[in-house]
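Number of protein chains: 2
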Amino acid sequence: MKPSIPKGTRDFSPVEMLRRQYIFDTIRGVFRKYGFLPLETPAMEHLETLTGKYGEEGDRLIFRVQERGRTFESGVDKALAAGGGDAKQVADQVRKLTASEGLRYDLTVPFARYVVMHQHELAFPFKRYQIQPVWRADRPQKGRYREFYQCDADVIGSTSLLNEVELVQLFDDVFTALGLPVVVKVNDRKVLSGIAEVSGQPDMVVDIVTAIDKLEKIGREKVEEEMRNKGVSDEAIKGIAPLFELKGSWKQQRPELEKWLASSSIAQQGLKDLDTVFNAVGTMKSAVLEFDPTLARGLDYYTGAIFEVKAAEGTMPGSICGGGRYDDLT
Amino acid sequence: MKPSIPKGTRDFSPVEMLRRQYIFDTIRGVFRKYGFLPLETPAMEHLETLTGKYGEEGDRLIFRVQERGRTFESGVDKALAAGGGDAKQVADQVRKLTASEGLRYDLTVPFARYVVMHQHELAFPFKRYQIQPVWRADRPQKGRYREFYQCDADVIGSTSLLNEVELVQLFDDVFTALGLPVVVKVNDRKVLSGIAEVSGQPDMVVDIVTAIDKLEKIGREKVEEEMRNKGVSDEAIKGIAPLFELKGSWKQQRPELEKWLASSSIAQQGLKDLDTVFNAVGTMKSAVLEFDPTLARGLDYYTGAIFEVKAAEGTMPGSICGGGRYDDLT
Chain U
509 MKPSIPKGTR
519 DFSPVEMLRR
529 QYIFDTIRGV
539 FRKYGFLPLE
549 TPAMEHLETL
559 TGKYGEEGDR
569 LIFRVQERGR
579 TFESGVDKAL
589 AAGGGDAKQV
599 ADQVRKLTAS
609 EGLRYDLTVP
619 FARYVVMHQH
629 ELAFPFKRYQ
639 IQPVWRADRP
649 QKGRYREFYQ
659 CDADVIGSTS
669 LLNEVELVQL
679 FDDVFTALGL
689 PVVVKVNDRK
699 VLSGIAEVSG
709 QPDMVVDIVT
719 AIDKLEKIGR
729 EKVEEEMRNK
739 GVSDEAIKGI
749 APLFELKGSW
759 KQQRPELEKW
769 LASSSIAQQG
779 LKDLDTVFNA
789 VGTMKSAVLE
799 FDPTLARGLD
809 YYTGAIFEVK
819 AAEGTMPGSI
829 CGGGRYDDLT
Chain S
509 MKPSIPKGTR
519 DFSPVEMLRR
529 QYIFDTIRGV
539 FRKYGFLPLE
549 TPAMEHLETL
559 TGKYGEEGDR
569 LIFRVQERGR
579 TFESGVDKAL
589 AAGGGDAKQV
599 ADQVRKLTAS
609 EGLRYDLTVP
619 FARYVVMHQH
629 ELAFPFKRYQ
639 IQPVWRADRP
649 QKGRYREFYQ
659 CDADVIGSTS
669 LLNEVELVQL
679 FDDVFTALGL
689 PVVVKVNDRK
699 VLSGIAEVSG
709 QPDMVVDIVT
719 AIDKLEKIGR
729 EKVEEEMRNK
739 GVSDEAIKGI
749 APLFELKGSW
759 KQQRPELEKW
769 LASSSIAQQG
779 LKDLDTVFNA
789 VGTMKSAVLE
799 FDPTLARGLD
809 YYTGAIFEVK
819 AAEGTMPGSI
829 CGGGRYDDLT
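Chains U and S, in that order, are what the protein sequence lines are. Anchor point for the first sequence: position 30 equals 538 in my numbering, and the numbering is continuous, going up by one each time. Anchor point for the second sequence: position 33 equals 541 in my numbering, and the numbering is continuous, going up by one each time.
Watch out, some of these pointers could steer you wrong.
Which copy? The list can't say, so a pair holds if one copy fits it or any two copies do.
[Said to hold, decoys possible] Here are the simulated SDA-like pairs of lysine to any residue, each with C-alpha atoms no more than 20 Å apart in a straight line:
| # | residue 1 | residue 2 |
| --- | --- | --- |
| 1 | LYS746 | ARG528 |
| 2 | LYS693 | ASN671 |
| 3 | LYS596 | GLY583 |
| 4 | LYS722 | TYR542 |
| 5 | LYS722 | GLN640 |
| 6 | LYS738 | PRO648 |
| 7 | LYS780 | GLN597 |
If you're looking for bench data, these hints aren't it; they were derived computationally from the structure.
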């Protein structure tokens with residue numbers, strides 16, 4: 509009977525390992541150069557640490573880890589004792605036999621947990637990188653695995669925009685070293701809030717932004733249709749219309765944005781922050797920094813800059829990686 | 509409520525990570541130098557792959573991995589349907605709700621599984637190294653963790669003693685590079701079999717060898733007492749007595765061993781194999797190669813050379829690592 513491995517997992521042969529080592533070593537070298545320190549956390553975390561952090565669907569995707577023997581067996585015994593002769597009661601008791609540990613789903617939650625545990629010993633800003641596998645009980649598909657590596661670099665404890673500037677330069681350094689030309693798209697949550705504000709329906713910011721995020725994929729008409737279906741008024745949609753006229757470099761878009769979003773002070777602050785980033789980044793090696801007002805990843809948590817890295821035209825579809833600022837890591 | 513991590517697991521701070529990276533990079537460099545190729549396997553393996561491989565206690569120490577939601581919930585539903593109103597039947601059905609995956613317990617079983625799966629694509633001898641964490645649901649103690657790294661280097665598909673010679677030199681290179689003087693103890697399963705043979709009670713080889721393995725810890729009297737308690741005859745114990753007179757280098761012990769074990773052809777073969785190793789290893793950098801007739805690790809599987817590396821006198825207690833040859837990797 510031929511052995512196999514669980515769905516969604518892979519072995520890495522020597523050839524694959526040599527390539528992966530090259531890529532991870534390159535990334536690690538750039539992380540170190542930018543002053544990020546290495547950190548590793550356990551594969552297992554308490555379920556309370558992991559649950560409730562990834563939205564509605566998230567908890568279902570966390571792998572549970574359980575010791576056999578003592579824990580599960582005695583749990584079933586207890587359920588039997590507690591339920592008496594009542595089958596349904598036994599079943600209900602057993603349902604509570606949840607494992608208490610799970611496999612980490614990403615590296616950000618463990619990082620936050622580590623910082624909380626060690627906050628009195630750490631010097632802030634604390635810059636750490638983590639390169640470790642994570643596990644998700646997803647439906648396996650092409651390109652989607654249940655065990656895969658992540659390479660995270662995060663800064664905690666600084667409001668300075670120099671971090672955003674460094675992050676852009678770090679993206680440039682990594683992908684130049686890997687020989688992969690990329691576009692670093694940047695936006696700011698404050699600009700997105702401003703767009704909803706000037707539309708006249710600021711409370712519909714999530715629906716508005718979620719729709720315009722799809723512009724590249726589905727086009728203007730379908731984006732406006734989706735907003736309409738979600739209950740965005742015709743007047744608001746008109747207020748958003750200047751978005752579709754924006755084009756060119758940051759320098760070219762900037763005055764148009766300033767005019768369009770003049771009545772929103774939060775948008776103006778966002779534009780100033782973006783100015784700082786564009787001015788300070790300077791000459792890049794091979795990457796291109798591009799403002800994209802429709803970029804809306806991580807809406808649930810980003811509060812400032814939003815980044816997404818894509819391969820330059822014609823090389824690779826989809827996004828390679830991303831990042832952004834969030835002010836509340838609880 | 510302050511967060512924590514599961515018992516038996518650790519975070520590695522930046523300082524600890526820098527030290528670990530140094531150690532792992534050093535070991536990896538020596539592995540590469542000796543022609544071992546990198547391999548990585550998934551954290552999860554099917555339970556059938558993991559169970560039955562680690563002795564009686566082994567299966568209990570394997571962490572089970574389970575998806576929540578669909579699998580467990582529907583399992584409880586099915587148990588309830590199958591058991592009808594019978595609480596005990598429900599409990600019994602639920603007990604069968606074993607997860608089908610577990611976390612790897614070591615790196616050798618995944619390696620064997622990989623070789624079986626890819627045997628027609630691999631060139632033999634196949635030399636691979638793996639540096640990855642493993643998980644064991646042990647009782648946590650000082651120095652005993654539930655998640656810890658292993659660094660394995662294995663050769664499969666060669667009966668040549670040159671592999672034993674290289675392994676000794678690899679130990680020397682690793683610990684010289686790490687600045688840790690070590691003693692590489694070597695023995696051979698064939699010699700141990702020979703000792704039991706000349707004692708006159710070859711069928712008691714496990715009890716005899718298990719007892720003499722404790723010589724350093726409990727002394728000759730207690731070793732003989734243990735053998736007596738296990739049912740080894742007085743005559744056999746007399747036949748084993750020359751063991752306690754052995755001392756000195758391999759050159760000095762060799763003729764005594766040859767005389768004592770003259771009637772055992774398997775022991776004579778073992779002595780010849782050890783000759784080959786001692787002669788070919790040559791001058792070592794800082795490690796010392798020492799024959800130890802009481803060394804008996806891995807009795808259940810080793811069929812040839814047995815190695816154990818210990819820190820040189822006065823530096824560190826316990827064994828650092830080990831290895832050996834086994835001829836049946838099923």
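Note to self: At most 20 Å between alpha carbons: which applies to LYS722 and TYR542, within, between, both or neither?
What the structure shows: Classified as neither; 33 Å inside a copy, 53 Å across copies.
Note to self: As a check of your reading, is LYS780 near GLN597 (CA-CA no more than 20 Å) within one copy, between copies, both or neither?
What the structure shows: For LYS780 and GLN597, the Cα distance exceeds 20 Å both inside one copy (61 Å) and across copies (68 Å).
Notebook entry, point to check: Is the C-alpha distance from LYS746 to ARG528 at most 20 Å within one copy, between copies, in both cases, or in neither?
Noted result: The answer is neither: 49 Å in one copy and 59 Å across copies each exceed 20 Å.
Margin query: Within a copy, between copies, both or neither: which one fits LYS596 and GLY583 at a CA-CA cutoff of 20 Å?
Written below: both (16 Å within a copy, 14 Å between copies)
Note to self: My question is about LYS722 and GLN640: at a cut-off of 20 Å on alpha-carbon distance, are they close within one copy, between copies, both, or neither?
What the structure shows: Neither. Shortest intra-copy (31 Å) and inter-copy (40 Å) distances fail the 20 Å Cα cut-off.
Next item on the list: Check LYS738 against PRO648 for me: Cα-Cα at most 20 Å, and say if that holds within a copy, between copies, both or neither.
Entry: Neither way: LYS738 and PRO648 sit 31 Å apart in one copy and 54 Å across, limit 20 Å.
Check: Under a CA distance limit of 20 Å, which applies to LYS693 and ASN671: within one copy, between copies, both, or neither?
Finding: For LYS693 and ASN671, only the intra-copy Cα distance (16 Å) is at most 20 Å; the inter-copy one is 53 Å.
In this structure, the earlier hints numbered 1, 4, 5, 6, 7 are contradicted, and the remaining ones agree with it.
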